[in-house]
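Q: What follows is the residue order along each chain.
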Amino acid sequence: MESAAGNIADVLKCSHISKEFDSFDGTGKNLVLEDIDFSVKDNEFLVLFGPGQCGKTTLLNILAGLESPTKGEVVDHGKKVTAPAPERGVVYQKTALFPWLTVMGNVEFGPKVRGFKKEERKKIADHYIDLVGLKGFEKSYPSQLSGGMRQRVGIARAYSNNPSLMLMDEPFGHLDAQTRYMMEEELQRIWQKEKRAVVFVTNNIEEALFLADRIILMTNCPSKIKKEYIIDLPHPRSYVDPEFLRLRREITENMDKSM
Amino acid sequence: MESKTSRFMRKNMAAFMTIVAFMSLLLVWELVARFTNAGMFLPPASEIISKFVESFTVPIGKHRMLVHIGVSLYRVGVAFIFATIAGIFLGVSMGYSKTVEAIIKPIFEFIRPIPPLAWIPMSILWFGLGDQSKFFIIFLGCFCFITVNTYDGTKNVDHVLLGAARMLGASERQVFFRVVLPSSIPYIFAGLQIAITAGWSAVVGAEMVRSDEGVGWLIVMGMTNGNTVQIMVGMLAIGIVGYILATAMAKLEGRLCIWNQQQGI
Amino acid sequence: MEDKREIKVKVMNLTKQFDELLVLDDISFDVKKGEFLCIVGPTGCGKTTFLNSLTKLYQPTKGEILINNEPVDLKKHSIAYIFQEYSTMPWLTVEENIRFGLSIKHMPKELADQKVEEYLEVVGLTKYRKYYPDQLSASMLQRVVIARAFATEPELLLMDEPYGQLDIELRFKLEDELLNLWKRNGTTVIFITHNIEEAVYLGERILVLTNKPTKIKTEIKNDLPRPRDIVSEDFVNLRNEVTDLIKWW
Amino acid sequence: MKNKTAKYKYRILSVCSVIAVLFIWELVTDILHLISPMMLPSPAKVLNTLIYKLTGGVNPDGATLLQHIAASMKIALGGYTVGVLVGVPLGIAMAWNRKFEMFAKPLFDVIRPIPALAWIPLMILWLGIGYWSKVGIIFFAAFISATINSYAGIKRTSQVHLWVASTFGASKRQMLFKVAIPTALPMIFTGLRLALGSSWVALVAAELLAATRGLGYMIQVARMLGRPDVIIVGMITIGVIGYLLSTVLEKLQNKYVKGGK
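Order-wise, the sequence lines are chains W, Z, S and C.
In this text, residue positions in the first sequence follow the working numbering: the first is 1, and each later residue adds one.
In this text, residue positions in the second sequence follow the working numbering: the first is 1001, and each later residue adds one.
In this text, residue positions in the third sequence follow the working numbering: the first is 2001, and each later residue adds one.
In this text, residue positions in the fourth sequence follow the working numbering: the first is 3001, and each later residue adds one.
Watch out, some of these pointers could steer you wrong.
[Said to hold, decoys possible] Calculated cross-link-like contacts (lysine-lysine; reagent style DSS-like; alpha-carbon spacing at most 27 Å):
(1) Lys3258/C x Lys2130/S
(2) Lys224/W x Lys94/W
(3) Lys2032/S x Lys2056/S
(4) Lys1251/Z x Lys112/W
[What the hints assert, rightly or not] Now the in silico label distances, taken between C-beta atoms and shown as ranges:
(5) Leu3107/C x Gly1226/Z: 20 to 30 Å
(6) Leu3107/C x Lys2010/S: 46 to 56 Å
(7) Glu243/W x His1159/Z: 35 to 45 Å
(8) Val75/W x Lys2130/S: 30 to 40 Å
(9) Phe3023/C x Leu1252/Z: 38 to 48 Å
(10) Leu1252/Z x Leu3107/C: 26 to 36 Å
(11) Lys1098/Z x Ser2103/S: 46 to 56 Å
(12) Ala1038/Z x Ile3024/C: 56 to 66 Å
(13) Asn2069/S x His1159/Z: 26 to 36 Å
(14) Glu2020/S x Leu3107/C: 57 to 67 Å
(15) Thr2126/S x Glu243/W: 40 to 50 Å
(16) Val1028/Z x Lys2010/S: 23 to 33 Å
It should be emphasised that the hints constitute simulated quantities derived from the structure, not laboratory data.
Even for Gly, the Cβ is constructed at its ideal location relative to N, Cα and C.
Start from the sequences, fold in the hints, and give me the full structure.
A: Next comes the structure, spelled out in structure tokens:
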């Protein structure tokens, strides 16, 4: 099913991506990603789902341009990706906020380093701080916020650069089950308002099914693409709806057993 | 429910016990000094304290206590400022650029283990007996700590933060000034805290070897003419000023790095 | 049907106040011998304070806790408590970590060795006995902590959301392992969590807590047949019932 | 591949820079005579003074380098051992026992800001300029570092580990030896290393002021007799020994203390 709005042009295309690292004892090499091919359509919510911690974060870093692949290449709107850029906003699992900057300082960081004038970037920052529901917290420091709120700042900060693609690396991994449900609903709301292509990495099947237009099931180490699922359940989705639960069982059974 | 008073007691128990500890110590000290032959070695506390207070009005040697302390602080202050500038500059450049690190670090690592006071003979040879050689010694005492801590701070900047800044469009220069430097601040302050204490200790050492005034001179002069009270008065002054310097630097760090609450370097 | 097992743990008017903040407000309930009791509450419902007060790690402001009808005493009663944060000892190997509880209880060496071997086997960590915690993955660390707790064969086991960080597939694996150990040893288990599905999957009975100041909102019997199917009609209805009692988001 | 060659590149650069410094030093002194040998002896001069002092040369200070080293080490290790044997248990006791902490910590905090060097005049007055006064000075240097770090080490014990122990029914004593001390060991070892460093510094200072032998004495006498080459030999020896002592302790720590940075 093609996503509802926007043209069909690929926002991002990666072909035959492989990545290997020197193994710890420095003798051999361990292969982390093997021959990964997929493309992200405009305004599509794509979820990379797979067990454990193997390769998904590395793949996301490669898409963002933070790491370079050993083989293969990533193309963003026709241009080869070689370095990070504001067009590809990243939301990190450990939020990676600047601890010495306030919420406003963090969200304003992107526009500020790209030379926007003071009022212009204040307007952008206020818009996104309001969007993620943090009005009134502009002056507080990350160390004074809860886990969920810090993630909201991470999302607002990435959005403030007006990226065409949002890359999210298990942003709700450290939250408790209930806060996680809330943040997933929040992200759905924000995504409906600020349509962007999203590549979302997670190892939580409920989260993947709740958010995704399309799920790519990854294998265990070395990560390869195992299967693809188109999810056309209507939004807002319910975790206990029979079709949701059926899909959940099917994907979990197809999943590799992690260590 | 715990009664109001007992909670008050529980909270201030620590302060209460401290007072008790001090009183008992002073009392014992007073008795030992007054009534046993140890008094010859250890003057009674009351005498020391009264001499200490008196030293602010009656000069010891050429100056009153405040001037002695002032001279020592002046020496530490000047050397500390130079050491901070040099230390941060060298620490940051070594931490941030691999080539600078390759060139300077081996030389720095060769000089670092040599205690600052071991430089006294050389510094007297180079700078003579005056304040200049003391500045050099104190500079070395502070400089090594500030450089090492700044270097550590710049070296282990969280790579994810660097990635985040680059993702947000920051140029390499902006990454340096807006991420590398701010995240090194807690390390730099840790260095400054150790350095100020090391500097204070170095000035005492330098003044003991050769000086005409200052707290170090006070205690070494006390030694030469066998005046234990003057030594103890000098040590009391050194201890109090040392404590004030350390706490002041810690307070400064608390105010400047409020965001650093939970790491609490 | 009436649960005829004798009472293992009796909690009467448990209240806990930190200076001005009232956290636990007059909580009373019983736990039967060998029962698997789940406790679930909204985020921020003071569940750690609850378990810590139960074991006298925090002195309760008011109320009494009895085990086998005597006031709880950590030196007399054999209790094991698995905390939410990682509590493996970094300076001990996997083997030494599992032996930790046994050496505290001065268990004779041969018996302790045999217990350590047994539980290394049960949690499948025999191969990793000489590893240190910083060489293990999150799920393996949790297995060490569970083996350490079960090795002392406690009469009461308290667990504070031990599987919060694991992914779904691994969580079900460890939960099934826990159920087997519970059945095998007949331990009384009190399992507290934020995850409603987990509570419904594990518990014979579910206590639902309110937000601070925490009280018991209600108690739900859960006699779904085991092994429970999370997709089945009854399971989903029970899960919805508990969710509606707690849902704040 | 890429980063392998980079590592070599930097290593070569470091070696070159050290050689360059030595070459400039040689150039400025022996070759161009820009600085008088009284102010800065050439590396060659320093080298053969070192060899001379090592191979039995006694003047100008009346003892060979090895004898000075032995004298200094004997005093340093003497004062250090006593200081550590008192400091570590005191630090642990203060951190573990609430009542003892309330009593002892304030007294310790009074002594703490006084630099070890400030004890020199009192010690020399009380114990003369011989062995015991210097052991006393070094005792203070080692004692303060050892106490601070053992105290901080015990305070670092994680609450969760203590809870685990107490739910297994551990007594206070068991909690101390099975949880608190193992957690504190890395910090205690850091304390031992720092104490060694500050002892070495205090020793040099003490020997500068009043001694009949030892490295501090050697460089002080060399200054009076205008022998900068001996001063530099003395300084290098002090630096090298300080470095070796700290590396030995570091090796011991890595070998025996496992886990829990």
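Q: Does each hint hold? Answer for all of them.
A: Status of each hint after checking the structure:
1. Lys3258/C x Lys2130/S: Holds, because 13 Å separates the two Cα atoms, which is no more than 27 Å.
2. Lys224/W x Lys94/W: 25 Å, holds
3. Lys2032/S x Lys2056/S: 20 Å, holds
4. Lys1251/Z x Lys112/W: Distance ~31 Å between Lys1251/Z and Lys112/W Cα, so the pair is violated.
5. Leu3107/C x Gly1226/Z: 20 to 30 Å: Holds, at about 27 Å.
6. Leu3107/C x Lys2010/S: 46 to 56 Å: 48 Å Cβ-Cβ, so the 46 to 56 Å window holds.
7. Glu243/W x His1159/Z: 35 to 45 Å: Between Glu243/W and His1159/Z, where Cβ atoms are some 42 Å apart, the hint holds.
8. Val75/W x Lys2130/S: 30 to 40 Å: Violated: the Cβ-Cβ distance is about 48 Å, outside 30 to 40 Å.
9. Phe3023/C x Leu1252/Z: 38 to 48 Å: Once the Cβ atoms are compared, 43 Å apart, the range 38 to 48 Å for Leu1252/Z and Phe3023/C holds.
10. Leu1252/Z x Leu3107/C: 26 to 36 Å: About 27 Å separates the Cβ atoms of Leu1252/Z and Leu3107/C, which means 26 to 36 Å holds.
11. Lys1098/Z x Ser2103/S: 46 to 56 Å: Between Lys1098/Z and Ser2103/S, where Cβ atoms are some 49 Å apart, the hint holds.
12. Ala1038/Z x Ile3024/C: 56 to 66 Å: For Ala1038/Z and Ile3024/C the Cβ distance comes to about 58 Å; the hint holds.
13. Asn2069/S x His1159/Z: 26 to 36 Å: 58 Å, violated
14. Glu2020/S x Leu3107/C: 57 to 67 Å: 35 Å, violated
15. Thr2126/S x Glu243/W: 40 to 50 Å: 43 Å, holds
16. Val1028/Z x Lys2010/S: 23 to 33 Å: With a Cβ separation near 54 Å, Val1028/Z and Lys2010/S fall outside 23 to 33 Å, so the hint is violated.
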